[in-house]
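*Asks:* Sequence order for the protein chains is W and X.
Each residue of the first sequence is one higher than the last, beginning at 1 in the numbering used here.
Each residue of the second sequence is one higher than the last, beginning at 1 in the numbering used here.
Calculated directly from the structure, the hints in this document are not laboratory data.
No residue lacks a Cβ here, since even glycine has one placed at the ideal position from N, Cα and C.
It is possible that some hints are incorrect.
Here are a few chain W residues that sit away from chain X, every Cβ distance over 10 Å (derived from the structure) [claimed, not checked]:
#1 Ser-125
#2 Thr-556
#3 Ser-560
#4 Met-570
#5 Ala-572
#6 Ser-595
#7 Arg-676
#8 Gln-772
A few chain W residues facing chain X, derived, Cβ under 10 Å [to be verified]:
#9 Leu-138
#10 His-552
#11 Phe-583
#12 Leu-584
#13 Ile-586
#14 Leu-597
#15 Gly-630
#16 Ile-632
#17 Ala-633
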Amino acid sequence: MSLEQSVLLGIGLLLTGLVLGVMVGASLRRTSRLRQSPASLAPAVKDQASRALQILTDFSQIVASPRGFDDCAKTVLEQVERLVAADRLEVAMWEAGEGTLQHFRLVPGLGSERHLEGGLPRQPSGNPAKLVQTRTPLFIPDTQTSPDKPDPAGIRSYIGIPLLVGEELVGVLEAGRSSTESYTAKDLEILQLLSGQVAVALHSRRLLAETSRMNTELKRRDTTRTAELRREKHITETLLRVLSEVSASLDLDRALNRTLALLNEVIGAEQGSILLVNAEDGSLNHRAGYGYMMPDRSSGTRPIGLKANEGLAGWVIKNRQAVLITDVRQDERWVELPVKSPYKRSAIAAPLTVGEDVIGIIMVFHHTEGFFTSENMSMVQAIGGQVAVAISNAQLYGLTRDQAERLRSMLRSQQVEASRRQAILEAVADGVLVTDASNKINFVNSSAERILGLEAEAIRGQSLDNFAGLFGKATLAWTRTIRAWSESPAKYQPGESYAEQLTLENEHVVLVHLAPVIWQGEFLGTVSIFRDITREVEVDRLKSEFVATVSHELRTPMTSIKGYADLLMMGAAGALNEKQTHFLKIIGSNTERLSSLVTDLLDLSRIEGGRVSLSLQPLDLREVAESAIGEIARCSQVDKKAMELKLDAPADLPRVHGDAERVRQILGNLLENSYRYTPEKGCITVRLLPLDGEIQADVIDNGVGVLPADQARIFERFFRGDNPLVLATAGTGLGLPIVKQLVNMHKGRIWMKSSGVAGEGSIFSFTLPLHQEDAASS
Amino acid sequence: MAKILIAEDERDIRDLIAFTLQFNGYEVVTAADGEEAVALALQQKPDLILLDVRMPRKTGYDACKAIKADEKTKDIPVMFLSAKGQEAEIQAGMAAGASEYLIKPFAPDALTARVRTVLAKFSK
Numbered sequence: 001m002s003l004e005q006s007v008l009l010g011i012g013l014l015l016t017g018l019v020l021g022v023m024v025g026a027s028l029r030r031t032s033r034l035r036q037s038p039a040s041l042a043p044a045v046k047d048q049a050s051r052a053l054q055i056l057t058d059f060s061q062i063v064a065s066p067r068g069f070d071d072c073a074k075t076v077l078e079q080v081e082r083l084v085a086a087d088r089l090e091v092a093m094w095e096a097g098e099g100t101l102q103h104f105r106l107v108p109g110l111g112s113e114r115h116l117e118g119g120l121p122r123q124p125s126g127n128p129a130k131l132v133q134t135r136t137p138l139f140i141p142d143t144q145t146s147p148d149k150p151d152p153a154g155i156r157s158y159i160g161i162p163l164l165v166g167e168e169l170v171g172v173l174e175a176g177r178s179s180t181e182s183y184t185a186k187d188l189e190i191l192q193l194l195s196g197q198v199a200v201a202l203h204s205r206r207l208l209a210e211t212s213r214m215n216t217e218l219k220r221r222d223t224t225r226t227a228e229l230r231r232e233k234h235i236t237e238t239l240l241r242v243l244s245e246v247s248a249s250l251d252l253d254r255a256l257n258r259t260l261a262l263l264n265e266v267i268g269a270e271q272g273s274i275l276l277v278n279a280e281d282g283s284l285n286h287r288a289g290y291g292y293m294m295p296d297r298s299s300g301t302r303p304i305g306l307k308a309n310e311g312l313a314g315w316v317i318k319n320r321q322a323v324l325i326t327d328v329r330q331d332e333r334w335v336e337l338p339v340k341s342p343y344k345r346s347a348i349a350a351p352l353t354v355g356e357d358v359i360g361i362i363m364v365f366h367h368t369e370g371f372f373t374s375e376n377m378s379m380v381q382a383i384g385g386q387v388a389v390a391i392s393n394a395q396l397y398g399l400t401r402d403q404a405e406r407l408r409s410m411l412r413s414q415q416v417e418a419s420r421r422q423a424i425l426e427a428v429a430d431g432v433l434v435t436d437a438s439n440k441i442n443f444v445n446s447s448a449e450r451i452l453g454l455e456a457e458a459i460r461g462q463s464l465d466n467f468a469g470l471f472g473k474a475t476l477a478w479t480r481t482i483r484a485w486s487e488s489p490a491k492y493q494p495g496e497s498y499a500e501q502l503t504l505e506n507e508h509v510v511l512v513h514l515a516p517v518i519w520q521g522e523f524l525g526t527v528s529i530f531r532d533i534t535r536e537v538e539v540d541r542l543k544s545e546f547v548a549t550v551s552h553e554l555r556t557p558m559t560s561i562k563g564y565a566d567l568l569m570m571g572a573a574g575a576l577n578e579k580q581t582h583f584l585k586i587i588g589s590n591t592e593r594l595s596s597l598v599t600d601l602l603d604l605s606r607i608e609g610g611r612v613s614l615s616l617q618p619l620d621l622r623e624v625a626e627s628a629i630g631e632i633a634r635c636s637q638v639d640k641k642a643m644e645l646k647l648d649a650p651a652d653l654p655r656v657h658g659d660a661e662r663v664r665q666i667l668g669n670l671l672e673n674s675y676r677y678t679p680e681k682g683c684i685t686v687r688l689l690p691l692d693g694e695i696q697a698d699v700i701d702n703g704v705g706v707l708p709a710d711q712a713r714i715f716e717r718f719f720r721g722d723n724p725l726v727l728a729t730a731g732t733g734l735g736l737p738i739v740k741q742l743v744n745m746h747k748g749r750i751w752m753k754s755s756g757v758a759g760e761g762s763i764f765s766f767t768l769p770l771h772q773e774d775a776a777s778s
Numbered sequence: 001m002a003k004i005l006i007a008e009d010e011r012d013i014r015d016l017i018a019f020t021l022q023f024n025g026y027e028v029v030t031a032a033d034g035e036e037a038v039a040l041a042l043q044q045k046p047d048l049i050l051l052d053v054r055m056p057r058k059t060g061y062d063a064c065k066a067i068k069a070d071e072k073t074k075d076i077p078v079m080f081l082s083a084k085g086q087e088a089e090i091q092a093g094m095a096a097g098a099s100e101y102l103i104k105p106f107a108p109d110a111l112t113a114r115v116r117t118v119l120a121k122f123s124k
């Protein structure tokens, strides 16, 4: 018994030493030395030992053949059953990490073949738990005499063997008999002998399965990861394409439509829209679209009929949050537009955000419910971000471009304007000379060159200080004025200008008009206009000379005519009869008329030529009126034409500012007209009215009056109208024009009123400004 | 009776003036131009000289200046008779030393009256 045990132990040790199991076992069998070693054992044990070795060899051979764990486990159970009778035979695999045992046993199949049935891994209990814990075999020959209850019930005899590979527990092997015939020590020995082989075989299959499973898992994982990577790559690529599309193209419409097309392609959407918020009225505008029936919906901006706070878009904009909607018809935020779209069920909407602002929304649709995934939503959000930046960039670009365009066109029109102005300035006959703020000449036109007799190169850029040297001493007052304005522009009174007639060293007579350019208190320079009036001055001189000569030439014969007629009248050549006297009177009065005509002509030509200067002084208009009335009264007496003459004036009349001789001429002329055109026994009134800052003088008569049709031209030269009552009286038609000129020179006004009905007469009125002292005191 | 020198190039007017003054009882001496007027003034020593402004050889202004420049004739009053009735011309005549200025055409009565006034003023 002890020998058998020692042999068995020896073999057992040997077996337990073969960690790598079956193959090693197989080589053991073939090794002659090993085959010979049992032969060298004691003859008593030789039979038993060789029998055990045979069993082991056979078993090893059998269990080595199956490839998978299940086949192996089935074979193991079948072979063990062949060697040890059992009503219940189970092998269980220990999962150290989990602390569980998974039991396997053979169950009857459809035919004679049995198949392996595996239970679920579970925490060990009862005898298996003991085996796991102690790692030593458990032999219960009869459960009825043993305190250890076999498991399950009905088992009379039980053997449990832990399966070990080295020190490592890999499982347990259990055999049980329900019959009265119980296990013996021999059965225990066999099972113990086999347990090492079983442990190695199952463990190796288990490891193999595990490795293979892990391999498969790795493979599966790899496939999954690759797909993920591919999808991520796709998204990244799409984003990249969108990014490059939108950033490469500053044509926003194109970029947005391309973006939508790409996006729809990637996530499988059928329709897509980009709506922008109109900051001015808060409406939502369609900016870009994809997948719509009507081509005109694809681009451009147009309102969609919703406000930016309405509908699903409004919600997204308000909450700055993207939404994934399974079916828009089930969503209460969805607002159906008048044009219903049957293609919209699934939707994703994401806000377009730039900084703090939501500028719009990007939406994609599909006609089936629940089409989109949250991954799609992330994609739409990501692209929305890019689109927002692109729109913002494009808007900025548009703004910049508009600004640039506006500036360019402004610049262009300014250039056009400047060159036009230059052309005009060059073309005018008057000389134009412009000085800048530092009193340097920065523009001279060709007329100025000609008038001043200087080359533009010689004066352009020159300082004012050289003016006297350039233009002669006559220009001193002019340059002084420019300098005074440049030094203290604040003193300049708006409207003030400088005008002077200069006689240059080249004997040209030049009229200079000078005006400063002052803008917002800043002196920018001056503009001087030169007009060469040499010719005009000469013509004027010739005209005056001519008029003077003519009047002299007329007066000389008139002197003779009048003188000799007067001598005859005086009776210097003998007594005259009545007829002779009458004829001589006619000669006399016509000579008088001719004489006054010459005087008036001379006077008017001098006034109009600006060669009459007034010596203004305080003047009592009442005195002038009295004197003028006195003159008419004398005429009235001489002519024996009775006339009522009245003066209507307040006693304390303020004085006017006027030239005594010329004011007398004005009033005298008007009174003379009244006298001439008022029939005998008429009435002439001079009325003087002090007004605000001036005195109005009215000469009122009840004569023939002035026809309304003639009134507009009454102050024109040589105009006498068509009224036969007027034409009946001699007149030159020069009196009123002279009077008008003289009143204007006094800064007064002149006008007349008349009904044009004979006997109602006329009123000729003029005003003269008050003398300042009197104006101040009144 | 006072002696009056008349210088006038226009014969009709010279005769008219001479006749008018003689008619009023004055003694008259006549000259046809400025130079003759200056010579006659020195030679005849008239009480009054009437000068036309525009005359050949020597204008009335120049004749007046010459008369006023000569110690022997400078006290004789001069009266201009001219068709040039403009102020500047009157001023120029007065500046030349004239006492009066009569604008043509004139009435013979007016001439006689003015001559009488001037003579009365200078006879003292």
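*Asks:* Which hints from the list above does the structure break, by number from lowest to highest?
*Replies:* 2, 3, 4, 5, 6, 9, 11, 12, 13, 14, 15, 16, 17
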